[in-house]
Every structure is written in structure tokens, then in C-alpha cells.
Amino acid sequence: MGGSAVAEAHTDYERMAHMASDPRATGRPDGSSGPETPTRRQAVIRLLGAISGLIGAVLGVPLALFVFGPTVRGKSRWLASVMPPDAPLGGGGAPDGVQWLGRATPPTLRARDPWVPVGEVKALPAGVPTLVTVRMPVEDGWVRDVEPVAVYARRDGADQAAVLDIHCTHLGCPVSWNRAAGRFFCPCHGGVYDSAGRVVAGPPPRRLDRYAVKVENGTLYMGALLPPDS
Amino acid sequence: MGRRIVRWLDERLDVIALSHAFLDRRVPQGIGWFHVFGSGTMFLLVLQFTTGIFLTIYYSPAADHAYQSIQFIDRSVPFGEFVRGIHRWSASVLVVVIGLHMLRVFLYGAYKYPREATWVTGAVLLMTVLAFAFTGYLLPYDQKAYWATVVGTDIAGAAPLVGAWMLELVRGGTAIGTLTLQRFYAFHIWLLPAALVVFTAAHLFMVIRQGIAAPPRRHPLDLGTAAAELSRRERYEREYAMEKQLGHPFYLAVLKDAVFALALFLGIVGLALFAGSPLEAPADPNSTTFVPRPDWYFLNFFQLLWYIKGSWEPFWIFLIVTGIVVVLLILPFYDRHPQRHPASRPLATLCAAVAVVAVLGLTYLGARSTAPPGTAGAAPAAAAVRAGAEQFQAQGCAACHTIAGAGGAVGPNLSHIGGARTRAQLRDTITKGKGGMPAFSTLAPTQVNVLLDYLVSLK
Chain S
22 MGGSAVAEAH TDYERMAHMA SDPRATGRPD GSSGPETPTR RQAVIRLLGA
72 ISGLIGAVLG VPLALFVFGP TVRGKSRWLA SVMPPDAPLG GGGAPDGVQW
122 LGRATPPTLR ARDPWVPVGE VKALPAGVPT LVTVRMPVED GWVRDVEPVA
172 VYARRDGADQ AAVLDIHCTH LGCPVSWNRA AGRFFCPCHG GVYDSAGRVV
222 AGPPPRRLDR YAVKVENGTL YMGALLPPDS
Chain G
14 MGRRIVRWLD ERLDVIALSH AFLDRRVPQG IGWFHVFGSG TMFLLVLQFT
64 TGIFLTIYYS PAADHAYQSI QFIDRSVPFG EFVRGIHRWS ASVLVVVIGL
114 HMLRVFLYGA YKYPREATWV TGAVLLMTVL AFAFTGYLLP YDQKAYWATV
164 VGTDIAGAAP LVGAWMLELV RGGTAIGTLT LQRFYAFHIW LLPAALVVFT
214 AAHLFMVIRQ GIAAPPRRHP LDLGTAAAEL SRRERYEREY AMEKQLGHPF
264 YLAVLKDAVF ALALFLGIVG LALFAGSPLE APADPNSTTF VPRPDWYFLN
314 FFQLLWYIKG SWEPFWIFLI VTGIVVVLLI LPFYDRHPQR HPASRPLATL
364 CAAVAVVAVL GLTYLGARST APPGTAGAAP AAAAVRAGAE QFQAQGCAAC
414 HTIAGAGGAV GPNLSHIGGA RTRAQLRDTI TKGKGGMPAF STLAPTQVNV
464 LLDYLVSLK
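Chains as they are written, first to last, in this note's numbering: chain S, 22 to 251; chain G, 14 to 472.
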């Protein structure tokens, strides 16, 4: 218990002045050391850290996945088990088998309708790519719209055709068809393609991407982008 | 009245003494005009925050409204184009001033003991500002913005292993659309500013805590006879105390900072008024004639991609980008030699010089890189060979070959090819191809002949 000086102290001021001068006098009835003890402070700081870490982890994982957006949903079994399936906005939905992952230059927004008419096959000049703008239903987040999508269409023979994506496979710049040279040129780093979309010069890692095509009753339809190198 | 309010406040806050101590504290000798870039950066950041906050009053980050909202700011809002011009130009000036700040710190060896952590936070701030520049560039959603972002994000997407994953993270999906714009906006006005505030606070705290580094001396101060027995910390403290004794009060440096800030401000106002903030046509993902180019501060990187070839290109790009980031972050930990004067560390100074020349050179080359074939005028040619020069353009030869400073860099420069190859050799190369050059076997003989006339005339 405190010494005689405490007994003599009559006012709070005097008692506290004594406490400040005597390091052993803590004012605690059992004389134990005070709240400044390093190990106690350490423990409090550690507890604070643990609580912050827990809050951060519980909040951080959902937020990280939140940043990734809708595309991450289909890629994890765990996510699929904890989340309801991707409900399309008011019916419809992406066509089956549309392969987007692993592509460096996805050229268009997510197509909703697998087959879009490009035009009469006979109207396309043979062997010469023609810039055609098709109206394609697309889904971009919450926006669902019919948007123009430009492609290069080329007829080979009577009822065969190819539909090429306009983006250079190097870094996605739009390639332009040069009629005199009979080649596609990229305006960025000198990529050159022939009329079939094969690389003839420059840095592109692969030929121009192609869309799935089919011809029905003389009309050319284009579908999803084909996976590279197919 | 004003004085009474100040006294009333200070009795409660006790900050006047603090600010006097801050302004009166001595800084080392030679803290002068070369030190204004750090505070200039601060000033420009404040300018960016202010104008940026005001721009959000009108800007709409939806893909089908963004461009129109920018047009509205430019055309209908009082001083709209001026405010946007300040935001845009001070972004460019910011990149320059940060570069100068970093160069000064590097040449003065100011990142060395005990300021390593200050450098690391500064490097993080540099990357944050570049992320600001990249995300901000898309927001007007014009052609330039859209296609620069196509290329920029595709570079990330080409990275080995993590590429597809990064592409989706950056774009918020597979394509550039409203999800991309919305997240670029969120990053640009929330996440990046938050990071900027935190790291700027840390950076400034360290600058004040350690004091401004004294400019390096070719012949260091004599620290006294017993100096050899002192610890590194004690030697440093003695030296820094001597430097401060030789120095001057901080407020004299603040005066230079203020003059520099005013100069920056006037320059930016001038640019905003007279150069404006041009807006191109609205973003058109279906344009096949647009020539994508990044904003000038990324041109050096854009140009660098010309020189990296082959199937390992994505790997090299990834290595270069991560290499630059890592080198910047760990610089103070591998360059620990106590010598700080640029003349005393020739290798480091040489590295800085090479880096500056490389960045400026690539930016220059990137700025004058070729338009795609068919859009540029033919190189000047004599009347007799003009038909060949026109063929050269029409066939797209200029996509790969440079003549008289115009053209691509993929193939050999043909400015003097007439002196190096015979007509027969050239005919062979054109019709049969050679190396990376495709065979132009579809050309008519007359076309080949006029082309050869032109090429052999180039001596």
C-alpha cells in the first residue's frame, strides 16, 4: 500500500504530485505496474492488428473479386457454388461456346445473338475483302443494344465466304485494306496481312481473327469469333 | 477583428509557433532552383484535384454519354473548355516536372542513406501519376482516347501467363465499353487519388522528418579528427548539422517554390487559353482509317515496340515494364555507395544520361512515326521516277521501309538503296521476297519496272 506521504496528502493535487515523483506509486491498490507496461501495450497493438487483419480479409476478398467484374464468375468452382448463376438481363444471354478467355484482342462486345446476317453472298466481290458493318445485338454490362460492328467480308467461290476481324492481332489497332497493294496494313507497328488475313510482315503473332460463318439461302451469316489459330 | 480571430484560434490550436518553426528551420546550403520541382509537383497535384473535382459536376462516365458531356463542358459551361484545358495541360506538365524532380534527386544522390524510403514512396507516386494519365486519357471517349486504350490494354493483355487475366481486370470484361469507362473513372477519381494522398503524405512526412538532402559536395566537409570512430548515423548527423549551419532558413526556399508555381500556373493558363483541349471525333470502334497514337508521354514506349520483334515480344515487353518498376523501387538498396556527387559516380550519371536520351529520342521518333500507307504523301521524287515513288506508296512499301526520313522501321532503310543493290537484285527481292519481306508476285511487270526506276535512283 502507498507510503506515509499518501496518507499525509489532503488534496487530489498533492496526492497526484506524489504519484508522479515516485515511480513505484501507481495508485493501484495492489501496487501492480500501470497501464504503460510495454508487454500490455504490445498485446493491445497485436490485438488491434489482428482485428484489422480480420476485417481487411473478410472485406478484401469480396472487394477484389468485385473489381474483376462479371467475367470472373464462370471461372471458379467456389464462386459458382456461392453465387447464383449469371442471370441474363431480361432474357436472351450469351451464345453457348463463345470463347473469350485467353484472347488478347477480343474485337467486339459480347454478342448476344449467335448468327447475324452480313449480306447476300453474291453481292460480295470475289477474293477482295470488303468492309461491311453489321448490326449486332451486344451486351456490355447493363447496356443491351444493337450496335454496328465492322468486319471484312470476302467471298471465295460461289457460296463460300470468310469474315475477318478488323483488329491487328499485335495490339488491336484497326487494319485498313489497301486495294492497290492487295494487303491489310496496320497503322501502328507495321503489321501487314494478305487478303485472307495471313501475316506477311511485321510483328503480329497470328493471322487476323475470323468469325464463324454460314451461308443459308444465299445469305452470309456471321457468328461468334473463332478461337485463334483454328 | 481578423487579428483577434487569429489569436482566438491560436490559443486553442497552438499552430503559429509550429508554422514559424517550420518556416524558420534551417535547410542546407545550396537548396535552390533545382529543388523547386518537388514542390512544383505538389502544386500541380493540387491544381489537378481542384479542376478534376469541378469537372465531375458535368462529366458522365457512361459510354453513350461521356463524349457528349465533354462537348457540353466545352460548349455550354462558362469557362468549361478553360477548366478542362487546365486539367489536361497540367497533367502533361506534371509528367515533365516529376521527371525533372526524379532526375534531380538521382543526380544529387539524394535517395541514399537515410532517405531510401522517401525514394520508394516517390517511385510509387510516379507510377500512380502514370496510372492517372492512362485512366484519364480514356475519359473524353473520343477516337484518340478509345484507340490509345485499345492498344494500351492490349499491351497488358499480351503479357505471358497473366495477360488474359490482366486484360479482363483492366477492361472489366473482354472488350472496351461502358464497363471499362466506368472503372477507369472510378480509378481515376477515387482509388488513385486515395493512393496519391496516402503516398504523398508519407513522402512529405519523410522529407520533413529527414530534412532536405544537402546538395552533394565533390569534396565532402571535414567532419573532424574523431569522425572515423563515429557510427554512420552519428557521422551523418554531424555532417547534416554542419550543412544546416552553412545553410539558410526554409522560407527562402519557399520563395523560389512560389515563383516556380506561379510560372507553372501562368504557362498552363496560357496553354489552356491558346492551345485549348482539342476533342476528336467520338470513339468509333468500327473505324478502319484511324491511326492510334498514345498521349505524348507514352509515345516513347509505343515507339519502343517497333524494335522488339519475334514471338518473344510479349515476354520482352513484360520484362521491360516490370524491370523498370523493380529497378526504380529497389534503386536505393543496390546503389548504396556513400558517394553522392555526380562526378564521383560516373556509371550512375551515365545511366541517367542514357535513360534521358532514350526517353527523349523514342518520344521524338514516336511523334514522327509514319502514318499507314496510302494516307501519307509520297516522298519527293524527280519527275522521271515519280511513277515509281507513287507505286512505292500505293503498294504499301512505306509501311516497312523508310525513304528520306519517312516510312516504317520494320524493313531496311531504302534511302540509299540504289547505291547498295543492283537493279537485278532488287527485282529478285521484290518478286520473290527475302527474309521478312513478302513476295510481291502479283505486281505487273510495268509496276515492278517503275518501282525499280525509282529505287535505283536513290543513291
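Be careful, since some hints might not be right.
To be verified - Per label pair, the in silico range of CB-to-CB distance: (1) S:Pro146 <-> G:Asp77: 52 to 62 Å; (2) G:Val211 <-> S:Ala64: 43 to 53 Å; (3) G:Ile337 <-> S:Asp180: 26 to 36 Å; (4) G:Ile337 <-> S:Ala179: 54 to 64 Å; (5) G:Phe62 <-> S:Thr60: 50 to 60 Å; (6) G:Leu373 <-> S:Pro226: 45 to 55 Å; (7) S:Gly70 <-> G:Val211: 44 to 54 Å; (8) S:His31 <-> G:Leu236: 38 to 48 Å; (9) G:Leu31 <-> S:Thr60: 57 to 67 Å; (10) G:Ala30 <-> S:Ile66: 47 to 57 Å; (11) S:Arg156 <-> G:Phe62: 34 to 44 Å.
Claimed, not checked - Stretch by stretch, here's where chain S covers chain G in the computed footprint (C-beta under 8 Å, at least three residues): (12) 222-234; (13) 296-303.
Since the hints were derived computationally from the structure, they do not count as laboratory data.
From a predicted model like this one, the values you see are computed outputs, not experimental measurements.
The beta-carbon is built from N, C-alpha and C at its ideal position, and this holds for glycine as well.
Which hints from the list above does the structure break, by number from lowest to highest?
-> 1, 2, 3, 5, 6, 7, 8, 9, 10, 12
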